Amino acid sequence: MPEINVPSSIKDLEQVQSVRTPIRMEYTFTPGVAAQTYLREFANKKILGAVSPVDGAVLVPPRGADPRYGALCDEFVEMPHTGHIGSFCVTNVPIPGRELELPYISAWIFLDGADIGFLNLVAECPPEECRIGMRVEAVWKPDDEIGMTAENILYWRPTGEPDLPFDEAGVRGWHVRGDGESDA
Amino acid sequence: MAAGGELAAVVGVGMTKFSATRGDVSMPGLVREAAERALKDAEMEWEDIDAVVMGKAPDFFEGVMMPEIFLGEALGAVGKPMLRVHTAGSVGGSTALVAASLVHSGVHERVLTVAWEKQSESNAMWALSLKQPFQVSINAGAGGYFSPIIRQYMEETQAPELIGCMVAFKDRQHALLNPYAHLHQPDLTFDQVVESPMLWEPIRYSETCPSSDGAAAMVIVNETEAKKSANPAWIHAGAMRSEANNFPGRDEVNPQASRECASDLWNQAGIKNPREEIDVAEIYVPFSWYEPMWLESLGFCERGDGWKLVESGATHIDGGDLPINCSGGVLSSNPIGASGMIRFAEAALQVRGMAGEHQVEGARKAMGHAYGGGAQYFAMWVVGKDKPTT
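Keeping their order, the protein sequence lines are chains A and B.
Last residue of the first sequence: 184 (the working numbering), numbering continuous.
Last residue of the second sequence: 1390 (the working numbering), numbering continuous.
Check the hints yourself; a few may be wrong.
Taking lysine-lysine pairs in the DSBU-like style, the calculated list, with each CA pair at most 35 Å apart, reads [as the list claims (entries may be wrong)]:
{"no.": "1", "chain 1": "B", "residue 1": "LYS1387", "chain 2": "B", "residue 2": "LYS1131"}
{"no.": "2", "chain 1": "B", "residue 1": "LYS1017", "chain 2": "B", "residue 2": "LYS1227"}
{"no.": "3", "chain 1": "B", "residue 1": "LYS1308", "chain 2": "A", "residue 2": "LYS11"}
{"no.": "4", "chain 1": "B", "residue 1": "LYS1387", "chain 2": "B", "residue 2": "LYS1017"}
{"no.": "5", "chain 1": "B", "residue 1": "LYS1227", "chain 2": "B", "residue 2": "LYS1385"}
{"no.": "6", "chain 1": "B", "residue 1": "LYS1272", "chain 2": "B", "residue 2": "LYS1308"}
{"no.": "7", "chain 1": "B", "residue 1": "LYS1131", "chain 2": "A", "residue 2": "LYS46"}
{"no.": "8", "chain 1": "B", "residue 1": "LYS1385", "chain 2": "B", "residue 2": "LYS1040"}
{"no.": "9", "chain 1": "B", "residue 1": "LYS1385", "chain 2": "B", "residue 2": "LYS1080"}
{"no.": "10", "chain 1": "B", "residue 1": "LYS1131", "chain 2": "A", "residue 2": "LYS141"}
{"no.": "11", "chain 1": "B", "residue 1": "LYS1131", "chain 2": "A", "residue 2": "LYS45"}
{"no.": "12", "chain 1": "B", "residue 1": "LYS1228", "chain 2": "B", "residue 2": "LYS1080"}
Rather than coming from a laboratory, the hints here were simulated on the basis of the structure.
Quick caveat: nothing in here was measured; it's all calculated off a predicted structure.
Take the sequences, apply the hints, and build the full model.
And the structure:
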């Protein structure tokens, strides 16, 4: 390789091997019909589920289509604000951009009548007392703070009612709730 | 034969040293290092290669869009067909299978396949926890996702609490036999694994994979070319399956796609009893408990018995009859996109008798396995010292 003549003023500097150049992108997100319908009602303190036209399975939050069959799910039902924990994680790792006291509990919440869970925060519950099958209820933000955001529900807390048995908690409950034939 | 058509075999394997930061090489330098070693092993030159198949984890990890284009020159792919494969964490395995399919189908005779990740120029944990619009941001990396699934397995099987620590300790011991492994912890004790902090309870720090830079490559050829090699690893079977990550009744612990992928694989390979007929397996275990979980799902034992295999020592290279992850596994090296290909390549090294200190004596049939996404994408192969008979 030909020799490069470096000005004497920088001759003794250490060579740069890499540079970090953080970048930022802003984008406009347009939710589909299912998410829009869900979010508009969520801003009215209502939780909607979508009903599968194939076997009546209820999907919360609505996803637009049944992930098993690709069938359009355009029928919505209003869900109760109670459910149970399908499973959970006690996390000791902070999430950037979110002030959460460690450890915190993230749990798959299955609303009463829903056939899939969604991940959410559980609080007012010491981690060692959290259980699969434990019944929980939503704790909402004050009414004047509620808006078009997923954070309207601050967290979920135990109701104190008896647990669901392990075999009926989370996805295992499908065999009890559903027709049980789809995954025979 | 597996996919029908031409027989295919691995005649070259190359890997980089895996480490937290490969600051001495760029991304092109990293993939080229593995590819050159694979070519050297295959006793081939760049011009001998007909096509290149590349895989890595999603582009937003390093923030380089379509890196296959940027890396084409480094991989000698200019003017040649080049394919990129995307199947999240299972991609290294899927990439090898796509490369093999180009040979099985008779389209190409000599294919170079490469998979890689440069985690030091990326932040995979947070790339996997991107805030989605209008969703609660609560998931802290892959550990946060897999912890609730592992918890269900533990409750379902009532497995002893320290099974996961046994797997982690075993894989770190295996890693000491592999000079390419990222984690070399000769002084690590079992108690240290047990006492390491809980990150995503029930997952401890020592039960998680490291974050690595690295690449793996293979040269896959047809039967005519394979005859020139002293020790080809014949591909006996290859299978891929996927499923959605959240649907009513989904078996998260033992996904249907995993079970069906394994069943297809064993059928293709003519294997009736995997525990008896497979000599060594490299299974994708980024969190320790996935070893017993996959042993069950893959049919190496009955459901609920995976932890018993671990507890009995059956999966240890020293004295076990089903050694798992003799290379140290994903728990000892995790360049994500490459991790699946390392499993496939290690299986090939074993049946070629080239695994060095972590060689399983007399290995004739080996399995390579990879999974990805929310345990929803699967890729598997069986390679053998002998040519497939059917």
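Each hint, compared with the structure:
1. B:LYS1387 to B:LYS1131: Measuring from Cα to Cα gives roughly 49 Å; hence the hint is violated.
2. B:LYS1017 to B:LYS1227: 30 Å, holds
3. B:LYS1308 to A:LYS11: Violated - the C-alpha atoms of LYS11 of chain A and LYS1308 of chain B are around 64 Å apart, more than 35 Å.
4. B:LYS1387 to B:LYS1017: 31 Å, holds
5. B:LYS1227 to B:LYS1385: Satisfied, since the Cα-Cα distance of roughly 13 Å is no more than 35 Å.
6. B:LYS1272 to B:LYS1308: 21 Å, holds
7. B:LYS1131 to A:LYS46: 23 Å, holds
8. B:LYS1385 to B:LYS1040: 20 Å, holds
9. B:LYS1385 to B:LYS1080: 30 Å, holds
10. B:LYS1131 to A:LYS141: OK: LYS1131 of chain B and LYS141 of chain A at ~20 Å, within 35 Å.
11. B:LYS1131 to A:LYS45: Cα-Cα ~22 Å, so holds.
12. B:LYS1228 to B:LYS1080: Judged against 35 Å, a Cα distance of about 23 Å means the pair holds.
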